[in-house]
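Asker: What follows is each chain in one-letter form.
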Amino acid sequence: MKQGRSGLGYYTIGISALFLAGFLMLVLIGAGAYRNTVESQNGNADARALVSYLSTCVKAGDSEGAVTVRDSEYGPLLEIAAGQSGYARRIYVHEGALVEDFARASRPLSPENAQILGKTAVWQITERENGLLEVKTDGGSVLIRLRSGR
Amino acid sequence: MKKSITAFYVETVLLVAAFTAVLLILSAVFGYARAESRAARRLNSAVCLAENAAEAFAAAPSGEGLLRLLDEGNAALTETADGAVFTARYGADRTPSPTGELVVTVRVGAPGNESGAIRGEIDVADAASGETVYHLTTAARGGAS
Amino acid sequence: MKELPIRLGPLSLLLTVIVLCMTTLSILTFSTARADLRLAEIYADTVRTRYELETRGQDFLAAAERGGLAAASPLADAVEHDGVRCRAAFETTDGFRLEIVLEQAADGWTVREWTHTRAWEENTEIGNLWQGNGETGENGQ
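Chains as they are written, first to last, in my numbering: chain A, 902 to 1051; chain B, 58 to 202; chain C, 48 to 188.
Among these hints, one or two may not hold up.
Unchecked claim - Okay, the calculated bits of chain C under chain A, using three or more residues with CB under 8 Å as the criterion:
#, segment
1, 73-84
2, 162-176
To be verified - Not the full set, but computed from the structure, chain A residues with beta-carbon under 10 Å of chain C:
#, residue
3, Ser-917
4, Ala-932
5, Gln-942
6, Ala-961
7, Ala-967
8, Leu-1047
9, Arg-1048
Quick caveat, the hints were computed from the structure, so don't treat them as lab data. Every value quoted in this text rests on a predicted model; they were computed, and no experiment measured them. Glycine residues also receive a C-beta, built at the ideal position from the N, C-alpha and C atoms.
Produce the complete structure using the sequences and hints provided.
Answerer: See the structure below:
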């Protein structure tokens, strides 16, 4: 009788252990899948914010002399003038973040009033041949060719 | 007594069956989500690479020009009857890599059609399967100065 | 009647709770991945459209350099020419637009402007919300 009871007990413990092991595995798989999905989504969003947005801004403002690259107290500054208004979109890096403001081109930069586009440790703008700019950020390298003025 | 033991066994078998089904279904859903996430990342990378190739093409619409601008030990140029074909390989994170999983191919067309602009057909494909992930068509002024 | 060594009720309850949580997590993971893929597809379509407009613009420019504006005009959606500068526009049905400004030079055309934009209309509808100015307000004050 006692053996019968212990046999049944082992069976039940075995079933329970099987369930718990199976669900532990499922929880690990699920948590890992969700983490990877969110990481991938964040990586894609950063790439679009840092890479595609810059390309879009430059292409939207590609007039002769409107897009300029110069040095500022915060490093390389990408300035895109808004027509003849005297205002310009200014993109630069401040404290590890790529920021943007829209102000009079003659005004000094004010990063505390700028909008953060994304985090980046790398911010490098190189002028290559024939109006081609290479902009490097943490999201990757983007090539933008200025069509105006040629 | 026997009746209740039998009922117990039946109950456990049903529970095992039910939870096994749940395990399989949820695992499949997670697997499918992972595949979609991978596809999104690959498409995103492919679009960025294609856009870069298109901008380099705009600056230098020729095979030699593309090689000069984009080659970092991962590119090759071949001449065919239809024009130059430039290929470059990149990793999933868009870094140049001779063994990368994405292959960017730019077919530089002759200044055909009535207008005379040079056509560029850009394909980004999976290196392993050859499947085209993204396709782009662009054009550039002939003899861009 | 002998008692069973262990009751399945609490175990089943625990496992049911786990299943509910994991089902929620799986739906969340799937919808996140789907949204990510959808955004990537939108980005891909945007870039493709932009370069289709680019192709049309380059064809226009090349045609203008070869055969003049008369030959190039049919390639654009809108062309204005004031004798010195030519402004051409290329549009798609979903609001993407390329505007180019060319200036006649001795050896052809110089590009003064080449801008890609997209029409954006402000959504002024705010649903069925109180706008802040009622009849009582006007008469009462």
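Asker: Does the CB of A/Leu-1047 sit less than 10 Å away from some CB of chain C?
Answerer: holds, 8 Å
Asker: Hint check: is the beta carbon of A/Gln-942 less than 10 Å from a beta carbon of chain C?
Answerer: Holds: closest Cβ of chain C sits about 4 Å from A/Gln-942, inside 10 Å.
Asker: Measuring from the C-beta of A/Ala-961 to each C-beta in chain C, is the shortest one below 10 Å?
Answerer: Holds - the Cβ of A/Ala-961 comes within 10 Å of chain C, reaching about 5 Å at its closest.
Asker: Do the numbers back the hint for A/Ala-932, that is, is its least Cβ distance to chain C under 10 Å?
Answerer: Hint on A/Ala-932: holds, closest Cβ of chain C at ~8 Å, below 10 Å.
Asker: Establish whether the coverage given for the segment 73-84 of chain C by chain A is satisfied; the threshold is a Cβ-Cβ distance below 8 Å, and no fewer than three residues must meet it.
Answerer: holds (count 7)
Asker: Using Cβ atoms only, decide whether A/Arg-1048 comes closer than 10 Å to chain C, and label the hint accordingly.
Answerer: Hint holds; A/Arg-1048 Cβ to chain C Cβ min 4 Å, cut 10 Å.
Asker: Given A/Ser-917 was flagged as interface, is its beta-carbon under 10 Å from a beta-carbon of chain C?
Answerer: holds, 6 Å
Asker: Minimum Cβ distance from A/Ala-967 to chain C below 10 Å?
Answerer: A/Ala-967 check passes; min Cβ-Cβ to chain C is 8 Å, inside 10 Å.
Asker: Quick check: the segment 162-176 of chain C, covered by chain A? Criterion 3+ residues, Cβ under 8 Å.
Answerer: holds (count 3)
When each numbered hint is compared with the structure, no violation occurs for any of them.
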